[in-house]
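In the order they appear, the protein sequences are chains L and S. Residue numbers for the first sequence follow numbering that gives the first Met the number 0, so the first one is 0 and each next one is one higher. Residue numbers for the second sequence follow numbering that gives the first Met the number 0, so the first one is 0 and each next one is one higher.
Derived from the structure by calculation, the hints contain no laboratory data. Every residue, glycine too, gets a C-beta built ideally from N, C-alpha and C. Among the hints, a few may not be true.
[To be verified] Distance windows between CB atoms, simulated: (1) S:His123 - L:Asp103: 37 to 45 Å; (2) L:Pro147 - S:Ile20: 41 to 49 Å; (3) L:Pro147 - S:His306: 34 to 42 Å; (4) S:Ser282 - L:Val111: 21 to 29 Å; (5) S:Glu307 - L:Ser129: 30 to 38 Å; (6) S:Arg268 - L:Gly278: 50 to 58 Å; (7) L:Asp177 - S:His270: 51 to 59 Å.
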Amino acid sequence: MDFNPQAPLLQVNDMHVEFRTRDGVARAVNGVNLILRPGETLAVLGESGCGKSVTAQAIMGILDSPPAFVTKGEVLYRGVDLLRLPENERRQVRANRIAMIFQDALSALNPVYSVGFQIGELFRTHRGLSRSEAKRRAIELLDQVRIPDAKNRVDDYPHQFSGGMRQRVMIAMALALDPDVLIADEPTTALDVTVQAQIMGLLAELQRERTMGLVLITHDMGVVADVADTIAVMYAGKVVEYAPVHDIYAHPAHPYTKALLESIPRLDFKGRGLNVIRGLPPALTDIPHGCPFHPRCAYARDVCRQDPPPPAYQIARNRIASCHFIREVLGV
Amino acid sequence: MSDVVLEARGLVKHFPITKGIVVRTRAGAVRAVDGVDLHLRRGETLGIVGESGCGKSTLAKMLVGLEKPTSGDLRVRGDDMLRLRGPALRHARRNIQMVMQDPYTSLNPRMTVGDIIGEPFEIHPDAVPRPGRERAVRDLLDTVGLNPDHINRYPHQFSGGQRQRIGIARALALRPEILVCDEPVSALDVSIQAQVINLLERLQRDFGLSYVFIAHDLSVVRHISDRIAVMYLGKVVETGSHVAIYDQPTHPYTQALLSAVPVPDPRLRGHRRHIMLEGDVPSPADPPSGCRFRTRCWKAQPGCAEHEPTLEVRQRSAHPSACHFAETLDLARRY
């Protein structure tokens, strides 16, 4: 594997993923483009079924195939297309270069091994360390993710930890081999707000120390506003808007982004009557013709029902949106 | 006082912990709810917030009679719900109904929507005479924004948001005055949440309903509530109007909780003061002595371990707060 240090850290080009099931083909990802720089936090924002988790799993190469197939596209890590690597080389990339943490730490961790064993396994398999050395490194890592009394807790099992502590264990595991990309799939969704704040703070700190790129997959627009540099809003398997965080909250360019922002209750003031996005997200086996958002869109006209919008309408530098009526949505 | 529709005093629920297989002995108790007072006026929404394990769902179950309180007093429109028996109790319970959190598990998958929504009429046959029941169910479907012609469909044929509407229709069947909503929108997607919140608000206006609205999402609670009670480890630590709680919180726990909620506005990044709480919520089987929040509190003094603060108005707190050192933190301009 010849990684080119000059090439972008992580780049996803026109990725398509489909699930071939008995009930038909579900097109989960339909042409996603993303780019991640060192030290950057890229938030992939969307509702359930928009394809955000499938995108992450396709980048990691952990989709079950069948039923899932990556039918098109590239995942470039430092210029090398991971999708074309043989499995044994891809294993070298996972955890070493790109690591992932999941929403539900209790089911992501193995219940029959101690957390120290599970973290140590990475060092034994990938670095060939001895058991005792691996355990020493595991304690160090647990310390780094602020698990109190790490030395005594290293032999505990996942069920002996609280939700927040388990998430820390998973972060320790992901960071064990010093990856430079971390993909976090809804890392705090199952946690209480005070614990969420602890975990997001910890992630931000570790990211700063290591100038690691972070792909944060979430549906929470509050968390995104707090930590993201760039946002990719996904709908029906497509990135519909891609922009720096400040632009998107101040002037959303896609009707879906705009409607989402208007539909959330706010902590900082009591609004009256929330704006509603009518209808439901489409079934992935039956994505509407034309623009997939048109049945729910306040701006939709005939052209939206017939022609899909240009996939990447450049609004400004670093800023694209996929809609026929961007100017109207922006109000310019 | 006549407009108070629900009143609870000193509600307590302890779940026993037992030891031994043959001879069971009581080894202790999980003190899920440990003395809660609350009242609800007609047409009002009382929000209850707190983290998981604080007892808010147990409280909800006690209010609707799904859980029998260990002690305390509960009155719904003057009826003593803990002393009434038989038909009188059944009749009184019509006035208070519940909307459950998870629309996927709280609807029986083998029953049609019509049977689910009409089931309350089977239990209360005098509410609507048999010939009028299908009509009543259709009206209920229409009220919550579902197509009345879908009366013979099954729950799996509906989306999450639609299922929650079915749950709401079922709760409305007996024309209650009070709805207890336990996390009614937390299982739903953002764009669907707004639809259900707006529906609840419309129903409140149309039918003059009173809500007890339980949620862990503080933004949703602020949006819908008139008054708010903040719970921690089985007790109410602060209560007041939505302005009092969100803009002038006085209890350290409320302050920390609010500061931890991310606000969807990137301009505030770095301008908000974050109060980071250490550690996790202690076990309700063995709560700390004195003030239950003291183990995570930055204001804690040695005295906090001995004297439990009562929920009362204090010198620096215009609304009831259960902290010896309650003091207003002005958040109105800080968000």
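Histidine 306 (chain S) and proline 147 (chain L) - C-beta distance against the hinted 34 to 42 Å: violated, 28 Å
Distance restraint hint 41 to 49 Å, applied to the beta-carbon atoms of proline 147 (chain L) and isoleucine 20 (chain S): violated, 35 Å
Range hint 21 to 29 Å (beta carbons of serine 282 (chain S) and valine 111 (chain L)) holds or violated: Taking Cβ atoms as reference, serine 282 (chain S) and valine 111 (chain L) lie about 25 Å apart, which means the hint holds.
CB-CB spacing for aspartate 103 (chain L) and histidine 123 (chain S) relative to the 37 to 45 Å hint: For histidine 123 (chain S) and aspartate 103 (chain L) the Cβ distance comes to about 40 Å; the hint holds.
Cβ separation of aspartate 177 (chain L) and histidine 270 (chain S), checked against the hinted range 51 to 59 Å: With Cβ atoms ~33 Å apart, the hint is violated.
C-beta pair arginine 268 (chain S), glycine 278 (chain L): status relative to the range 50 to 58 Å that was hinted: Violated - the Cβ-Cβ distance for arginine 268 (chain S) and glycine 278 (chain L), about 33 Å, lies outside 50 to 58 Å.
Pairwise beta carbon distance, glutamate 307 (chain S) to serine 129 (chain L), judged against the given window 30 to 38 Å: At roughly 53 Å between Cβ atoms, serine 129 (chain L) and glutamate 307 (chain S) fall outside 30 to 38 Å, so the hint is violated.
The structure does not agree with the numbered hints 2, 3, 5, 6 and 7 stated previously, though it agrees with the rest.
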